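Student: Protein chains in written order, with full-length UniProt numbering: chain E, 1 to 357; chain Z, 1 to 269.
Possibly wrong hints are sitting among the right ones.
Mimicking DSSO-like on lysine-lysine, the simulated pairs with C-alpha atoms at most 27 Å apart in a straight line are [unchecked claim]:
1) E:Lys78 - E:Lys273
2) E:Lys27 - E:Lys3
3) E:Lys204 - E:Lys194
4) E:Lys353 - E:Lys159
5) E:Lys276 - E:Lys98
6) E:Lys96 - E:Lys319
7) Z:Lys36 - E:Lys3
8) E:Lys78 - E:Lys287
9) Z:Lys36 - E:Lys214
10) Z:Lys36 - E:Lys2
11) E:Lys270 - E:Lys110
12) E:Lys148 - Z:Lys4
13) E:Lys98 - E:Lys270
14) Z:Lys36 - E:Lys52
15) E:Lys56 - E:Lys287
Selected chain E positions facing chain Z (Cβ under 10 Å, derived; list incomplete) [to be verified]:
16) Ile46
17) Asp47
18) Gln79
19) Ser83
20) Ala280
21) Ala313
22) Lys353
These are computed hints drawn from the structure, not numbers from a lab.
Note that the coordinates shown come from a computational prediction; the quantities given were computed from them, not determined experimentally.
The beta carbon of each residue, even a glycine, is placed where N, CA and C say it ideally should be.
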Amino acid sequence: MKKLVAAITTILVFCGLLAFTSDRLAKSQVKSQSNTLTLYNWGDYIDPALLKKFQKETGYHVSVETFDSNEAMYTKIKQGGTSYDLAVPSDYMIQKMKAAHLLVPLDKSKLHGMNNISPQFRNLEFDRHNQYSVPYFWGTLGIIYNDKTVKASQVQHWKQLWNPRFKDSIMLVDSARDVMGFALIRDGDSVNTKNIKQLNAAKKRLDSLTPNVKAIVADEIKMYMIENEAPIAVDWSGEASEMLSQNSHLHYVVPSEGSNLWFDNLVIPKTAKHYKAIYAFLNFMLKPENAAQNAEYVGYATPNEQAKALLPASVRNDKQFYPDAETMKHLQIYNNLSPELIGTYNELYLEFKMYRN
Amino acid sequence: MTKKTKWFANGYLTLVFVLLYVPIFYLIMYSFSTGKTMSHYQGFTWAHYVALFQDARMIQIALDTLLLALLSALIATAIGSLGALGIYATKKRQTRNALLSLNNILMVSPDVIIGASFLIFFTFLGIGLGFGSVLMSHIAFEIPIVVLMVLPRLQEMSTTMIDAAEDLGASSWQVLSRVILPAIIPGILAGYFMAFTYSLDDFAVTFFVTGNGFETLSIEIYARARQGIDLEVNALSGILFVFALLLVVGYYLLTQYTAKRQKAGVKRP
């Protein structure tokens with residue numbers, strides 16, 4: 001009995017010590033809890049140097065929590081019990097969150113610098129008059145190829161992926177709407193189609209692509225492409241820019257017949273608490289020099305026109321990441337579809353993914 | 001056993017252990033690589049360990065994980081041991097079996113379901129998600145293991161000892177603390193260690209019930225792995241592996257020690 005009591009006390013003392021040191025460590029990272037801002041962001045999606053700069057300028061500490069899909073973020077915010085001040089959902093998710101009353105409208109009088117955002121990225125369908133969202137980054141879906149084995153002319157269009165010579169060499173990003181999306185675009189259909197016939201046809205086309213598909217993976221694509229493991233991949237522009245920077249043989253193409261155009265946007269979820277810090281941060285991120293620095297770090301395209309002007313000419317004029325007006329015209333934004341329709345998209349995609357052989 | 005089959009048996013055993021341990025050592029080996037990814041080994045360095053120890057967030061998370069495991073295992077052991085005593089003392093066979101089955105159902109139900117149900121439960125009660133919610137759910141899923149570890153010890157214990165103690169005028173507290181507890185201490189210790197490792201291990205339940213501000217190692221490593229494994233994670237895995245090794249050796253020495261003492265002392269019935 002005595003030994004048991006001794007053992008329990010030892011464990012408790014140890015727990016106390018652990019709690020104390022962990023608390024000290026937490027405090028060394030965050031000076032005071034009251035002036036922190038919790039940013040709920042995608043992984044590695046903001047330049048850490050900017051967070052330090054923000055803290056220096058305003059005294060607010062930013063603690064970043066990360067999510068890996070729009071859906072995961074939606075669930076966490078809807079479920080409550082959290083206190084995220086800002087989140088970064090994509091376009092269609094903003095519509096969904098709006099419908100679920102999870103967003104707090106922006107107070108435009110406190111917001112400075114919205115005019116820095118290029119007009120073509122303001123007042124978009126998913127959020128008219130930018131009532132809720134400040135554009136953060138935008139990008140496209142496209143084809144990445146390795147010039148060691150693939151010629152540029154061989155992968156300018158989606159339908160060229162079906163070329164039998166690319167047997168077992170294409171990596172696809174594991175995302176239902178993106179994969180269904182390019183299959184739809186290939187035959188000139190809308191990525192938001194509600195026509196079941198078109199969807200089934202797209203799925204059939206994907207099935208016939210099966211022999212060419214090497215793998216359907218997510219973030220790992222980056223590593224595989226950099227290591228020359230596969231000659232072709234379908235992935236998002238930001239991922240592509242990171243690959244390109246690490247392997248000079250890689251190139252990115254946005255097919256001119258169309259592709260997906262997506263936006264990630266800063267919004268205030270209803271769980272927000274520190275409004276002063278929120279507007280300080282939004283205004284900070286709208287400043288051209290900060291947006292430019294962030295764009296250089298993240299590698300996605302910035303919607304901030306003034307910031308774009310500050311970027312090096314080689315980046316600014318890169319057709320791969322800032323496509324020309326002609327291509328831009330053909331790009332399509334995902335709309336939030338009804339749950340049933342989303343279900344159909346997912347089901348068809350899963351059928352393609354699971355039963356490929 | 002003939003020489004040939006013995007050779008085969010040893011070979012098979014070696015193969016199994018090699019298969020089990022090679023991935024871990026492969027992982028640890030790369031924690032010393034100067035490269036950035038796990039594709040080519042490029043020379044020796046401590047840099048990843050240095051980076052790990054400078055990463056205050058990672059250290060804090062490691063400490064929190066340890067704290068959570070120690071504390072939840074302690075509370076779960078207390079509750080679970082009492083629960084085992086309760087089940088043991090239940091006279092009616094049917095009730096006892098029913099209680100035991102209820103306990104076992106919690107053991108075999110998937111973590112995902114337990115985690116999801118806790119999440120719904122906590123948000124329904126309006127309990128904020130964070131250290132508290134994770135601690136409570138860890139205690140909850142550890143209790144059945146402790147019960148299962150302690151119960152056999154109770155059943156092994158000879159009831160004549162309790163009768164003798166009572167005949168000699170021991171109060172029920174004395175019976176518990178002087179007779180029953182010493183007999184079941186090995187079970188309690190084993191239960192504590194099992195609960196501790198379950199807590200360290202857990203991903204699914206924690207994933208559901210954790211909120212902002214609190215993360216455990218498994219959650220953090222998962223989040224980081226999405227970006228492609230950083231070799232800092234390898235370094236951390238190496239340290240945890242050594243830590244677990246020490247724990248196992250410590251537990252072994254402890255049991256050796258108590259076994260020796262028991263042999264030297266009065267023979268157990």
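Student: Determine for every hint whether it applies to the structure shown.
Tutor: Hints and how they fare:
1. Between the alpha carbons of Lys78 of chain E and Lys273 of chain E the distance comes to roughly 16 Å, so the proposed pair stays at or under 27 Å and holds.
2. With a C-alpha separation of about 36 Å, the suggested pair Lys27 of chain E and Lys3 of chain E falls outside the 27 Å cut-off, and the hint is violated.
3. At roughly 17 Å between alpha-carbon atoms, Lys204 of chain E and Lys194 of chain E fall within 27 Å of each other, so this suggested pair holds.
4. Using a Cα cut-off of 27 Å, the hinted pair Lys353 of chain E and Lys159 of chain E holds, with the two alpha carbons roughly 19 Å apart.
5. This hinted pair checks out: Lys276 of chain E and Lys98 of chain E have alpha carbons roughly 22 Å apart, not beyond 27 Å.
6. Note on Lys96 of chain E and Lys319 of chain E: the hinted pairing is violated, with a Cα-Cα distance of about 32 Å set against a maximum of 27 Å.
7. Pair hint Lys36 of chain Z plus Lys3 of chain E does not hold up; C-alpha atoms about 49 Å apart against a cutoff of 27 Å.
8. Note on Lys78 of chain E and Lys287 of chain E: the hinted pairing is violated, with a Cα-Cα distance of about 31 Å set against a maximum of 27 Å.
9. With a CA separation close to 25 Å, the supplied pair Lys36 of chain Z and Lys214 of chain E stays within the 27 Å bound.
10. Note on Lys36 of chain Z and Lys2 of chain E: the hinted pairing is violated, with a Cα-Cα distance of about 52 Å set against a maximum of 27 Å.
11. Taking the CA atoms of Lys270 of chain E and Lys110 of chain E, the gap is near 18 Å; set against the 27 Å cutoff, the hint holds.
12. The suggested pairing of Lys148 of chain E with Lys4 of chain Z is violated, with an alpha-carbon distance near 54 Å, which exceeds 27 Å.
13. Taking the CA atoms of Lys98 of chain E and Lys270 of chain E, the gap is near 10 Å; set against the 27 Å cutoff, the hint holds.
14. The straight-line distance between the Cα atoms of Lys36 of chain Z and Lys52 of chain E is roughly 25 Å, inside the 27 Å bound, and the hint therefore holds.
15. Proximity of Lys56 of chain E to Lys287 of chain E is assessed by CA-CA distance (about 16 Å); at most 27 Å being required, the pair is judged to hold.
16. Hint status for Ile46 of chain E: violated, given a least beta-carbon distance of 13 Å to chain Z, over 10 Å.
17. Interface restraint check for Asp47 of chain E: the shortest CB-CB distance to chain Z comes to about 15 Å, outside 10 Å, so the restraint is violated.
18. Restraint check, Gln79 of chain E versus chain Z: the minimum CB separation of about 6 Å is within 10 Å; hint holds.
19. Interface hint status for Ser83 of chain E: upheld, as the beta-carbon distance to the closest one in chain Z is roughly 6 Å, under 10 Å.
20. The interface hint given for Ala280 of chain E is violated, since its Cβ lies 20 Å from the closest Cβ of chain Z, which is over the 10 Å cut-off.
21. A hinted interface residue such as Ala313 of chain E counts as satisfied when its beta carbon comes closer than 10 Å to some beta carbon of chain Z; here the least separation is about 29 Å, so the hint is violated.
22. For Lys353 of chain E, the shortest C-beta to C-beta distance to chain Z is roughly 19 Å, which exceeds 10 Å, and the interface hint is violated.
Taken one by one, the earlier hints fail for this structure at numbers 2, 6, 7, 8, 10, 12, 16, 17, 20, 21 and 22, listed in ascending order.
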